[in-house]
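For this one, chain L is given, so just place chains U and C on it according to the hints.
Chains as they are written, first to last, in numbering that gives the first Met the number 0: chain L, 0 to 334; chain U, 0 to 241; chain C, 0 to 293.
Do not rely on the hints blindly, as some may be mistaken.
[Said to hold, decoys possible] Pairs of lysine-lysine, DSSO-like flavour, derived with a Cα cap of 27 Å:
| no. | chain 1 | residue 1 | chain 2 | residue 2 |
| --- | --- | --- | --- | --- |
| 1 | L | LYS108 | C | LYS94 |
| 2 | U | LYS135 | L | LYS180 |
| 3 | U | LYS156 | L | LYS108 |
| 4 | U | LYS71 | L | LYS205 |
| 5 | L | LYS209 | U | LYS78 |
| 6 | U | LYS78 | L | LYS180 |
| 7 | U | LYS78 | L | LYS205 |
[What the hints assert, rightly or not] Some, not all, of what chain L presents toward chain C, calculated at C-beta under 7 Å:
| no. | residue |
| --- | --- |
| 8 | TYR105 |
| 9 | ALA106 |
| 10 | TYR111 |
| 11 | TYR125 |
| 12 | VAL126 |
| 13 | ASN129 |
| 14 | ALA132 |
| 15 | GLY292 |
| 16 | VAL296 |
Hints listed in this document are in silico derivations from the structure and should not be mistaken for laboratory results.
Glycine residues also receive a C-beta, built at the ideal position from the N, C-alpha and C atoms.
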Amino acid sequence: MNLKAPYIRIVVIGALICLLPLFLSSFYMHIAVLVLIWAFLACAWNIIGGYAGQHSLGNGLYMGIGAYAVAFLLDRFNMTPWLGLVVAIALSAGAAAFIGWIVFRYALKGAYFALVTIALTEAAVYVVSNIPALGGAGGMQMEYHGNSLYYMQFAGQNGYFFMGVLLVVFILLLTQWYRRKRFFYQLIAVRENEDAAEALGVDTVKAKIKANVMSGVLCAVGGVFYAQYFLYVGPRSVFGEVVSVQILIYAIVGGLGTTWGPVVGAVLLVPLSEITRAQLGNSYPGSQLLLYGGVMVLTMLFMPFGIMGLAERLHQRWQHRSTTQVVDSQGGEAS
Amino acid sequence: MTALLEVHGLTRRFGGLVAVNDLTFEVNEGEMIGLIGPNGSGKTTTFSMLSGALKPSAGTIAFNGERIEGIKANRVCRKGLARTFQVVQPFPDITATENVMIGAFVNVGGARQAEATAREMLERVGLTPKADTLAKELTLLQLKRLEIAKALATEPKLLLLDEVAAGLTSTEVDVMLRLVRQLNSEGITFIIVEHVMRFVMNLSHRCIVIDFGSQIAEGTPEEVLNNPAVHAAYLGEEASLA
Amino acid sequence: MNLNFSGPVLSQAVISGVMLGGLFALISIGLTLIWGVMKIINFAQGEFLMVALYLAFFLVSWGHIDPYITILVTVPFMFFFGIGIFRATISPILKDPVMNQIMLTLGVSLILQNLALMLFSANVQSVNTRYSSWNIHIGSVVISGPQLIAFIGAILCTLALWYFLKTTDPGRAIRASAQNPSAATLMGIDVPRTYLLAFGLGSATLGLAGSLMIPFYYASPTVGVFLGLIMFIVVVLGGMGNLMGCFVGGLIIGLAETVGAAVLPGSLARVFTFAIFILFLLFRPQGVLTKRQT
Chain L
0 MNLKAPYIRI VVIGALICLL PLFLSSFYMH IAVLVLIWAF LACAWNIIGG YAGQHSLGNG
60 LYMGIGAYAV AFLLDRFNMT PWLGLVVAIA LSAGAAAFIG WIVFRYALKG AYFALVTIAL
120 TEAAVYVVSN IPALGGAGGM QMEYHGNSLY YMQFAGQNGY FFMGVLLVVF ILLLTQWYRR
180 KRFFYQLIAV RENEDAAEAL GVDTVKAKIK ANVMSGVLCA VGGVFYAQYF LYVGPRSVFG
240 EVVSVQILIY AIVGGLGTTW GPVVGAVLLV PLSEITRAQL GNSYPGSQLL LYGGVMVLTM
300 LFMPFGIMGL AERLHQRWQH RSTTQVVDSQ GGEAS
Chain U
0 MTALLEVHGL TRRFGGLVAV NDLTFEVNEG EMIGLIGPNG SGKTTTFSML SGALKPSAGT
60 IAFNGERIEG IKANRVCRKG LARTFQVVQP FPDITATENV MIGAFVNVGG ARQAEATARE
120 MLERVGLTPK ADTLAKELTL LQLKRLEIAK ALATEPKLLL LDEVAAGLTS TEVDVMLRLV
180 RQLNSEGITF IIVEHVMRFV MNLSHRCIVI DFGSQIAEGT PEEVLNNPAV HAAYLGEEAS
240 LA
Chain C
0 MNLNFSGPVL SQAVISGVML GGLFALISIG LTLIWGVMKI INFAQGEFLM VALYLAFFLV
60 SWGHIDPYIT ILVTVPFMFF FGIGIFRATI SPILKDPVMN QIMLTLGVSL ILQNLALMLF
120 SANVQSVNTR YSSWNIHIGS VVISGPQLIA FIGAILCTLA LWYFLKTTDP GRAIRASAQN
180 PSAATLMGID VPRTYLLAFG LGSATLGLAG SLMIPFYYAS PTVGVFLGLI MFIVVVLGGM
240 GNLMGCFVGG LIIGLAETVG AAVLPGSLAR VFTFAIFILF LLFRPQGVLT KRQT
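Isolated chain L, as found in the complex (with noise of 0.2 Å):
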């Protein structure tokens, strides 16, 4: 039963989630969406970022291939996304496959890695505007289905909304299984020690390689969604370092390497910024990426393990201490 708790938890709060559309307006219903996709890209994000510690600094690129796929093949062929879709996840799978192969099999780490994938999403993005048959440098806009599941298009937020919160509910479910897998286990030790790791018989490279491809994929579902709600999409607003950035910053504020600080971080940076830049972006633009500049260098210096890091540093804290006064009551260790 504890142990599946967390699962509980997941769904049950999903389903909380879904009764908002009654109470909420189209502007917060909107607000909702980007919540929710930008919570999944994040912890599709947390897997190769917080997990497996290897801070890619450009996601934007998995992200931009699947809204690309879908927008490129449904304008093109009038192909459903739901296809699309497979190809999106066929064609990230590929890219962060031989991506990850190389990046890890020459043991790229820390700033070198950060640069790399910065340099793979920017050159994505000029790329992209020098294909005419992609739009070019003005991006692609879709056609409108109306209501039409074959589209996988809603009028109204709604339908969007349900999605985006299956999508969440599956990679929370999903990030809360593979917790307790080898693999995970694995991409931790990676994190915390590679030589140690190594030395214990994980095989490092594979395991960073899998973890790329399992965040790049999800990325690109991300993308998929992300397409499918805009209806458009453009080389620096689905590539590129802003967006990648973007990205990580909810995982990073919300607690790398956990479950539900993604979540977390979008649900807290989102609405904040959305309503900021409603507020102040006409007279101010750039006030909701300066805020989330702002909130970036506060959660470094002062939380540098974002909230939910920090939440469980509190509760294991406790824990450690009842457990130290058990040890102590029977004597305590000779030391």
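Here is chains U and C on its own, set in the frame of chain L:
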């Protein structure tokens, strides 16, 4: 019968420096071998090559009749050759149990099983009271025990111990002695690098002495202690051989 | 595709590339010092340059000061600006994992970028100085005068920094602190102060860059995004902390950009730059000039 570990002509150069030079020795199953020598004589470099962390410049290593030189550390470990690190290498931000589970996953797939193995290993090294403590909060002695528990969890046939007794008090060294002897009686073969002579002389069936990367003596602890070449090598080193 | 390999076009591209390379070297010297030598990550270095460019721009366009005289203001300003940012943000987390430094300085870069956007709008600001249209003709090849000055400035700045690090006490203190902070402390070096000095200097070089660039470049909130990435690319290509390498790295990337632009359509040349960078990181992470250590 072939030996469990056969090392032949093992050499490692760093630029112009020869850290390990043409080392040849065998280790039979069930043996405890002491690998001793003055500081900087190449002991840890030898361990690194045996465990796959470092590629040899020349020479062969056969483990269980299989050539393993130059293959990656994780594969060496999965073949049954594990090591501990001279400078302890914990996973700081997870609990002691989770630290050991990483090793246990070499042989089991499920977290529940791995946790059971891990707790068993922690029990063996006397860390049960600290099972749920984060590794970064452990003391040096506890971390040294954790190193052994992690390595044991991979179910090694051969375990390389790199200075597990260094920095421990006399009583703690006794505890470590008993633990290693017990593990050896259960069939684990050991190669021990150690500066605490009492530890290594008490345990070793056979000692290999290296200096400047080359083997200068081999034999029982008594033979080695009475070898003039060994005395010469240690001359000027404070470490007393008695 | 419009492939154009004709002689004059290519020789112009090479000369422009060398000039651009000097510019890239100039803006990267500071990062060579703080990242290459001191191992401090600053992802806001590009935004520091943006600040310097705006400062130079306003001094020239509003203050009507000769761009080359503004050096007297921009260099000390950027020195103290760098020190202020370092004290307030980077210094407290210097011992934290590298990633925290990256995230923190990314945050600083977002703040600076968007403050500039709020204060100065997204417009590209450039100023016409009497040097702006000064061109030197050599046969069919044209060299922009202010670019040539920036190129010479890059050489002088590199030599000055090299001389400083090799021969002066504070320079030696910087190298000692970078190599072994605890040993440096034992030798009586005030390590935190040395870090501060290095960071200030790394920032001050951008003041020089801002003044030398403003006659032919521009200021905009996002000008530092691409230039910041270029700085990191140049430092990696040159080899961490290798001052001469930084110059060579700048030249390689400058040539890649201009020759690439002459050969490839649109902005695809930039992909060329990124490709060179990634290949270097994979196959020659020690840079062009540094020997490989194993």
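Now the hints, each set against the structure:
For the suggested pair LYS108 (chain L) and LYS94 (chain C), the alpha carbons sit about 18 Å apart, so the restraint of at most 27 Å is met. With a CA separation close to 23 Å, the supplied pair LYS135 (chain U) and LYS180 (chain L) stays within the 27 Å bound. Restraint check for LYS156 (chain U) and LYS108 (chain L): not satisfied, since their Cα atoms lie roughly 33 Å apart, outside the 27 Å limit. Taken as a hint, the LYS71 (chain U) and LYS205 (chain L) pair is honoured in the structure, with Cα atoms around 12 Å apart against an allowance of 27 Å.
Between LYS209 (chain L) and LYS78 (chain U), the direct Cα distance comes to roughly 23 Å. Compliance with the 27 Å bound is thereby established for this hinted pair. For the given pair, LYS78 (chain U) sits about 22 Å from LYS180 (chain L) by alpha-carbon distance, which is consistent with the 27 Å threshold. Note on LYS78 (chain U) and LYS205 (chain L): the hinted pairing holds, with a Cα-Cα distance of about 18 Å set against a maximum of 27 Å. Because the closest C-beta pair between TYR105 (chain L) and chain C is about 5 Å apart, less than 7 Å, the hint holds.
Nearest Cβ of chain C to the Cβ of ALA106 (chain L): about 9 Å, over the 7 Å cut. The hint is violated. Because the smallest distance between the Cβ of TYR111 (chain L) and any Cβ of chain C comes to about 6 Å, under 7 Å, the interface hint for this residue holds. Interface restraint check: TYR125 (chain L) against chain C, minimum CB-CB distance 5 Å, threshold 7 Å, status holds. Residue-level restraint check for VAL126 (chain L) holds (minimum Cβ-Cβ distance to chain C is 6 Å; threshold 7 Å).
For ASN129 (chain L), the interface hint holds, since its Cβ comes within 7 Å of a Cβ in chain C; the closest pair sits about 4 Å apart. With 7 Å as the threshold, the beta carbon of ALA132 (chain L) stays out of range of chain C, its nearest partner Cβ sitting at about 14 Å, so the hint is violated. Checking GLY292 (chain L) against chain C by beta carbon gives a least distance of about 3 Å; that is within 7 Å, so the hint holds. At about 4 Å, the closest approach between the beta carbon of VAL296 (chain L) and any beta carbon in chain C falls short of 7 Å, and the interface hint on this residue holds.
Going down the numbered hints, you'll see the structure goes against 3, 9, 14, while the others check out.
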